[in-house]
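Peer 1: The residues making up each chain are set out below.
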Amino acid sequence: MIASGWTLRRTGSLVERNARIYRRSLSPVLASLLEPVLYLVSIGFGVGRLVGKVPGIDVRYAAFVAPAILATTAMNAAFNQMTFVVFTRMKTDRTYDAIVPTPLSIADIALGEVVSAVLSSLLPSVGFVLVMLALGLVVSPGILLTIPAALLVGYAFGGAGLAVTTYLRDFSDFQLIQLVMLPMFLFATTFYPLSVYPGWARPVVEILPLYQSIQLLREPALGIFHWNIAVAVLYLAAVGSFGLALATRRLSRQLLA
Amino acid sequence: MSGRLLVEARGLTKTYRARKGVPPFRAVDGIDFELGRGEVFGFLGPNGAGKSSTMRMLGAISPVSTGTLRVLGMDPAHEGPEIRSRIGVVPQDDCLDRELTVRENLFVYGRYFGLAKNVIRDRIVGLLAFAQLEEKADAQVETLSGGMRRRLTIARSLINEPEILLLDEPTTGLDPQARHVLWDRLYRLKRDGVTLIITTHYMDEAEQLCDRLAVMDAGRIVAEGSPRELIDAHVTREVLELRFQPDVHAEVAERLRAAELGERIEVLPDRVVVYADDGEVALVAVHEMSLSPITALVRRATLEDVFLKLTGRSLVD
Ligand SMILES: Nc1ncnc2c1ncn2[C@@H]1O[C@H](COP(=O)(O)OP(=O)(O)OP(=O)(O)O)[C@@H](O)[C@H]1O
Ligand SMILES: [Mg+2]
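The listed protein sequences correspond, in order, to chains A and B. Residue numbers 1 to 257, in this note's numbering, belong to the letters of the first sequence in order. Residue numbers 258 to 574, in this note's numbering, belong to the letters of the second sequence in order.
Worth flagging that the hints you see were computed from the coordinates, not collected in a lab. Worth double-checking, as some hints may not be accurate.
As the list claims (entries may be wrong) - DSBU-like cross-link-like pairs, simulated, lysine-lysine; straight-line CA separation at most 35 Å: (1) B/Lys277 with A/Lys53; (2) A/Lys91 with B/Lys277; (3) B/Lys393 with B/Lys447; (4) B/Lys277 with B/Lys374; (5) B/Lys393 with B/Lys374; (6) B/Lys393 with A/Lys91.
To be verified - Partial list, derived from the structure: chain A residues whose beta carbon lies under 10 Å from chain B: (7) Arg10; (8) Leu14; (9) Glu16; (10) Arg20; (11) Pro28; (12) Asp58; (13) Arg60; (14) Lys91; (15) Arg94; (16) Pro103; (17) Pro183; (18) Arg253.
As the list claims (entries may be wrong) - Pairwise CB distance ranges, derived in the manner of DEER restraints: (19) A/Gly5 with B/Val279: 49 to 55 Å; (20) A/Ala201 with B/Gln397: 28 to 34 Å; (21) A/Val205 with B/Gly330: 57 to 63 Å.
Only a predicted model underlies this, so the values are computations on that prediction, with no experimental measurement involved. Each residue gets a CB set at the ideal place from its N, CA and C atoms; glycine is no exception.
Model the full structure from these sequences, guided by the hints.
Peer 2: Here you go:
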């Protein structure tokens, strides 16, 4: 196969190219920050007024919801980059057709895109933590761990998103993606704890990558430190790496026909 | 033995895998050719001849199906990145970064080759001048004309100072003036000793730019040589083109053949073509047969005629 491994320098050159494009405008960052803030205000504070406190957790409802929304923010920022943006680059802009004649390998391209996605999810994540701080929802110094955790969430969904993109046929397939992403957002314990579900349903929820992402962010943010975070770390690292490997394989066949 | 050859292909084939409902397809069907330093080599062929498929194999982009290929003495299957770092590619479609400026396009591309930032900045100055895009340096690619984009794509392919430049249909889709500007730039590269491989389906382009040509049809090389050699070997020096009412073309051709006029007669949808070393003499003979064509034209034979002779089809359309 012509696709060989990746090197830091070659991968970095694609990250540099993407950074050049992202930095041209701040509006995507603001846009990806708007939606989570709206959820936080309407559900965290609005619904939270009716809910009071989550049983067993000694913080206000908005503080319980906020880390989960932070996880979805990192998820969406990376995932949308790796699906919508990459698909446009493949089909409309033909960006990669200009790159495959250069020394970059497909592994460089795939990794470069995922790293760009992870880095570009950093800004909305930090922005959201600042919003939390401003609204008085930061309850533990553990919040500092949520930033590296959000990067890992970005990696998991960036890798997975890139793999998904290699299966898309046209822009209407994005509706199918929403059919998966929206229920996951609603049911992955974003707005209530796992204990709400009957015993049989819990493993189904626990297997969702967003559930693991929420676990990874929520517990440290609330000052809870438990060994099961390691499970989430390994799980998300595996999802991202598997997605990246699958995407590299499939992109090789598609771009180097 | 083949140390001085930059490219050497033996029995090269490209078969695209079967996809849903589409059987496997052999786009390049066992071609041989070689290329020496400083040469300008052309692939001349109609749509679907396999020109781009060949170029993508040469560029170590698309894997070779069977046969052997050496580029700069290396095997593309194992040394792809190394080969790609030493060649330049102008793809059939520009694929420029439309979100970036002219200068940024060159800069970003240079980074793919691992060049230091100051090296790229120095080279950009020369490349902008070469591509006559100095005034557009900080313009968005979106705002460039087709000819400017093509020149930018060529400039981009030169950022790594390549030893071989692969140009896939460099002037297709450009207006005549933009084509001439581009040809002028390519002459300059040729003069500077850059080794070029060009694909085209324009015979005038092939004739003017290429030292040596491979005429391609349906994945095969049907003839090879310098433009002059190809014309001498396959067609007469001159050509007489006759136009009658289209419905009598076949009948006229029969009469001309019976009279043993010229070396060969071809019937095209809109004209009858007589291959003769002296076109004027043939025309006199036509008039003596009391045939009166609507128009008659004597011209020198071109590669277009070579192609027609070899494949029975015309090059364009
Ligand atoms: N990725 C692919 N998968 C399957 N078939 C392909 C693929 N790319 C090209 N082909 C087929 O291979 C044949 C040769 O295509 P190629 O692009 O090499 O021709 P070309 O000489 O460059 O033509 P053109 O002048 O139109 O650019 C065509 O029939 C084309 O449909
Ligand atoms: Mg082509």
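Peer 1: Would the hint on A/Pro183 stand, with a C-beta cut-off of 10 Å toward chain B?
Peer 2: Not OK, violated: A/Pro183 not within 10 Å of chain B, min 30 Å.
Peer 1: Against chain B, with CB atoms and a cut of 10 Å, does the hint on A/Pro103 hold up?
Peer 2: holds, 4 Å
Peer 1: Please check whether A/Ala201 and B/Gln397 have a Cβ separation lying inside 28 to 34 Å.
Peer 2: violated, 53 Å
Peer 1: Using Cβ atoms only, decide whether A/Arg253 comes closer than 10 Å to chain B, and label the hint accordingly.
Peer 2: A/Arg253 check passes; min Cβ-Cβ to chain B is 8 Å, inside 10 Å.
Peer 1: When the nearest CB of chain B is found for A/Pro28, is that gap smaller than 10 Å?
Peer 2: This interface hint is violated because 12 Å lies over the 10 Å limit.
Peer 1: Is the straight-line distance between the alpha-carbon of B/Lys393 and that of B/Lys447 35 Å or less?
Peer 2: holds, 25 Å
Peer 1: Double-check A/Arg60 for me: the hint is only fine if its C-beta lies closer than 10 Å to a C-beta in chain B.
Peer 2: violated, 43 Å
Peer 1: Restraint: A/Asp58 near chain B, CB-CB cut 10 Å. Satisfied or not?
Peer 2: violated, 49 Å
Peer 1: Is 57 to 63 Å right for how far apart the beta carbons of A/Val205 and B/Gly330 are?
Peer 2: Since A/Val205 and B/Gly330 have Cβ atoms about 59 Å apart, the given range 57 to 63 Å holds.
Peer 1: Quick check on A/Leu14 please, does its C-beta sit within 10 Å of some C-beta on chain B?
Peer 2: holds, 8 Å
Peer 1: Is the Cα-Cα distance between B/Lys393 and B/Lys374 35 Å or less?
Peer 2: Holds - the C-alpha atoms of B/Lys374 and B/Lys393 are around 21 Å apart, at most 35 Å.
Peer 1: For the pair supplied as a hint, B/Lys277 and B/Lys374, confirm whether the alpha-carbon distance does not exceed 35 Å.
Peer 2: violated, 45 Å
The structure shown violates the earlier hints numbered 1, 4, 11, 12, 13, 14, 17, 19 and 20.
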